[in-house]
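Asks: Working from the sequences, and respecting the hints, build out all of it.
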Amino acid sequence: MSNVDRVYVGNLNVAARRAREILLGKLKLGDVVDWATTFSLWPVHLMTSCCGAEFAATWSPRFDAEQYGALPWVGPRQTNLIIIEGTVTRKMACALRITYEQMPYPKFVIAMGACALDGGLFYNSYNIVRPWEVVPVDVFIPGCPPPPEAVARAIVELRRKIREKKVASKWLIEGWRPDREPVKPKEDVCSWWRP
Amino acid sequence: MKAEDVKTLVERILEGMIRGVEIRKGYVEVVVDLENVVEAARRLKEAGFDHVKSVTAVDYPKESKIRVTYHVSSYLNEELARVIVGLSVDLPRDNPVMESLTGIWRSAEFQEREVYEFFGVTFRGHPDLRPLLLIPELAEKRVLRKDFVVREESIYEGVPHRYE
Chain A
1 MSNVDRVYVG NLNVAARRAR EILLGKLKLG DVVDWATTFS LWPVHLMTSC
51 CGAEFAATWS PRFDAEQYGA LPWVGPRQTN LIIIEGTVTR KMACALRITY
101 EQMPYPKFVI AMGACALDGG LFYNSYNIVR PWEVVPVDVF IPGCPPPPEA
151 VARAIVELRR KIREKKVASK WLIEGWRPDR EPVKPKEDVC SWWRP
Chain B
1 MKAEDVKTLV ERILEGMIRG VEIRKGYVEV VVDLENVVEA ARRLKEAGFD
51 HVKSVTAVDY PKESKIRVTY HVSSYLNEEL ARVIVGLSVD LPRDNPVMES
101 LTGIWRSAEF QEREVYEFFG VTFRGHPDLR PLLLIPELAE KRVLRKDFVV
151 REESIYEGVP HRYE
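Note that the protein sequences, when read in sequence, are chains A and B.
Read left to right, the first sequence gives residues 1 to 195 (our numbering).
Read left to right, the second sequence gives residues 1 to 164 (our numbering).
It is possible that some hints are incorrect.
Said to hold, decoys possible - Keeping only pairs whose Cα atoms sit at most 25 angstroms apart, straight-line, the calculated SDA-like set for lysine to any residue is:
#, chain 1, residue 1, chain 2, residue 2
1, B, Lys141, A, Ile128
2, B, Lys141, A, Ser191
3, A, Lys165, A, Val74
4, A, Lys91, B, Pro131
5, A, Lys186, B, Asp128
Hints are computed from structural coordinates only; laboratory data are not their basis.
Owing to the predicted nature of the structure, the values given are computational and were not obtained by experimental measurement.
Replies: Shown next as C-alpha cells:
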C-alpha cells in the first residue's frame, strides 16, 4: 500500500476505488482494519474541565470534526477513543481508568490542554494527577484551552499514526499495541472507593 | 428592605447573643458565641431565612481560631431575599467542634462536609460526616488550613513563607 497517507478526509471517488481494491483482494485484512479504525474514531465524552467547551465547539457546524469520521458518544463500551478534556482530579482518575478499561480495544487516548500535560494552572495542587500516569496517552494537545482546530489536528495526527504504524491491526494480532509499553498506575487510583 | 433594615431586624431577633455585627453592601455579618449558635440559627429560620447559600470557614493562625460562616438568605420572603446574612462562630483552632446546623437548614449538609474535610471542623449531630470531594488520605491533612504549604512557583521561591 504505497499511497497510505493520501486519504485523510472523506472523498467519494477515493473511497470507491479503495472499496474496489479491497473487493478485488489487493489489500490485506490488516490494512482494512487500520483503514476502518481511522474512519471510526468515536471519542467518549469524558468532560473533566473547561476544555469541554472547546471540545463541543470542535464538533459544532463551524469546525465540523465529524468529517474525520469521529463523533462523541456517551457510553464507553461503544467507543474507542478518550479525549481527556482538562484537569484530572484524584477521584476523577478512578473514573478515567475505569472508563479506559471498559472500552474495547484497539483504543486510544488524547490528552487535551495544559492541565492534562503537566498540571497547567493547578501544577502545585494537592488534588490532581497527571493523566499519563494513569492511562497511555497517544497525542498531547498544548494550549489553555486548545482551539477547536488543534483538537481536529490531533484527531488527524492520531489517524496518521494508526495508519502508518498499523497500530490497530497489530493490536488485534498481538494482543497489545506494538509501539509502546502498557501503563499501569503506580498507586491504586480507586483506593478511596468502597462500594 | 435595605441591609440597614436587615441589620436592625437581626439585632432585634438575636438580642443578647451577638458579639459583633458588620455591614457591607448587601451583606450583614453577625458573630455569635459558640453555645448560642443553634438558638441563633433557629431564630433566624423562624424570621424567614429559609436556606443556606454556603458554609465556609476562615483560618486565623495568629489568633488561633477558625471562623465558620453560614451565609443564609430567603427564597420565599422577597424582602429578605435581597440581603445575605452571614452567621459566624469562632472555634478554637486546636479542637474545632461545633453543633451541626443540618437539623435547622437541610441544605447545609454537603457544605458542612466540605468544611469538615478542608478545615477539620467536626460537626456534632451531622447525619453523614464523611469527606466529600477529597480522598480520605488528603482530607486528614486539612488542606485549606494556612499551615498546609504547597510547592510554589519558581519566581516566588525564596520568599519566606512562615506563620508566627
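Asks: Each of the hints needs a verdict: does it hold here or not?
Replies: Do the hints match the structure? See the list:
With a C-alpha separation of about 15 angstroms, the suggested pair Lys141 of chain B and Ile128 of chain A falls inside the 25 angstroms cut-off, and the hint holds. For the hint linking Lys141 of chain B to Ser191 of chain A, the alpha-carbon distance of about 17 angstroms falls within 25 angstroms, and the restraint holds. At roughly 28 angstroms between alpha-carbon atoms, Lys165 of chain A and Val74 of chain A are farther apart than 25 angstroms, so this suggested pair is violated. A C-alpha spacing of about 12 angstroms is found between Lys91 of chain A and Pro131 of chain B, which places the hinted pair at or below 25 angstroms, so the restraint holds.
Distance restraint check for Lys186 of chain A and Asp128 of chain B: the Cα-Cα separation of roughly 31 angstroms exceeds the 25 angstroms cut-off, and the hinted pair is therefore not satisfied.
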